[in-house]
Amino acid sequence: ILPTKRKQILSRLAKQKLEIVCLQEVHIKKQFRKYLEYPKLGSLFVALADQKQKGIAVYVKKGIKAIEKYVDPQGRILILELEPGYKPMLLVIIYAQNDNQNQF
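Residue 1 is where the sequence shown starts when you use our numbering, and the numbers rise one by one after that.
Please note that a few of the clues may not be correct.
Unchecked claim - Here are the simulated lysine-lysine pairs, DSS-like style, with alpha carbons at most 27 Å apart:
#	residue 1	residue 2
1	K52	K40
2	K34	K5
3	K5	K40
4	K69	K5
5	K34	K62
Unchecked claim - Restraint ranges, calculated between C-beta atoms of paired labels, are given here:
#	residue 1	residue 2	range
6	P3	K87	36 to 42 Å
7	K87	I9	27 to 33 Å
8	G85	K29	31 to 37 Å
9	K87	K7	31 to 37 Å
10	R12	K62	17 to 23 Å
11	K52	S11	19 to 25 Å
12	K15	S43	15 to 21 Å
13	K69	T4	30 to 36 Å
14	Y35	P73	18 to 24 Å
The hints are simulated quantities; they were obtained by calculation from the structure and are not laboratory data.
Treat the numbers as computed from the prediction; the structure is a model and nothing was measured.
We put the beta carbon where it would ideally sit given N, CA and C, even for glycine.
I would like the entire structure built from these sequences, with the hints used as guidance.
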């Protein structure tokens, strides 16, 4: 995603005042995680690959306790333990692309 398009998407999501936002195929290398940071959306959790492909990003609104439980080094799976105030839960985000399904 181009930086301007990424900013537009994140800005639009922030205006929605969402508690949790999950994105897949963010196409950002691990070393460029900072480009996904957007404080208005809350705390950022990511599963990113070394290549500019795949990738998961999750934003959790401030005030919701979130603990990273598992991060896949391939950028395909992210598991968070959340305590939104009423009942603890696990949030499991899986990105399974259509090609190379046997390798997944």
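Status of the hints after comparison with the structure:
1. The straight-line distance between the Cα atoms of K52 and K40 is roughly 25 Å, inside the 27 Å bound, and the hint therefore holds.
2. Taking the CA atoms of K34 and K5, the gap is about 16 Å. The hint holds against a cut of 27 Å.
3. As the CA atoms of K5 and K40 are separated by approximately 17 Å, the hinted pair is consistent with the 27 Å bound.
4. Only pairs whose Cα atoms come within 27 Å are accepted, and K69 paired with K5 is rejected, the gap being roughly 30 Å.
5. Between the alpha carbons of K34 and K62 the distance comes to roughly 18 Å, so the proposed pair stays at or under 27 Å and holds.
6. At about 38 Å, the beta-carbon gap between P3 and K87 stays in the expected band of 36 to 42 Å.
7. One distance hint, 27 to 33 Å for the beta-carbon pair K87 and I9, holds here, with the actual separation near 30 Å.
8. At roughly 35 Å, the beta-carbon separation of G85 and K29 lies within the given 31 to 37 Å, and the hint holds.
9. For K87 paired with K7, a C-beta distance near 34 Å keeps the hint of 31 to 37 Å intact.
10. For R12 and K62, the Cβ-Cβ distance of about 19 Å falls inside the hinted range of 17 to 23 Å, so the restraint holds.
11. Against the hinted window of 19 to 25 Å, the Cβ-Cβ separation of K52 and S11 comes to about 22 Å, which satisfies the hint.
12. For K15 and S43, the hinted distance range of 15 to 21 Å is satisfied, since their beta carbons lie about 18 Å from each other.
13. A hinted range of 30 to 36 Å for the beta carbons of K69 and T4 is consistent with their spacing of about 34 Å.
14. One distance hint, 18 to 24 Å for the beta-carbon pair Y35 and P73, holds here, with the actual separation near 19 Å.
Hint compliance for this structure: hint 4 alone is broken.
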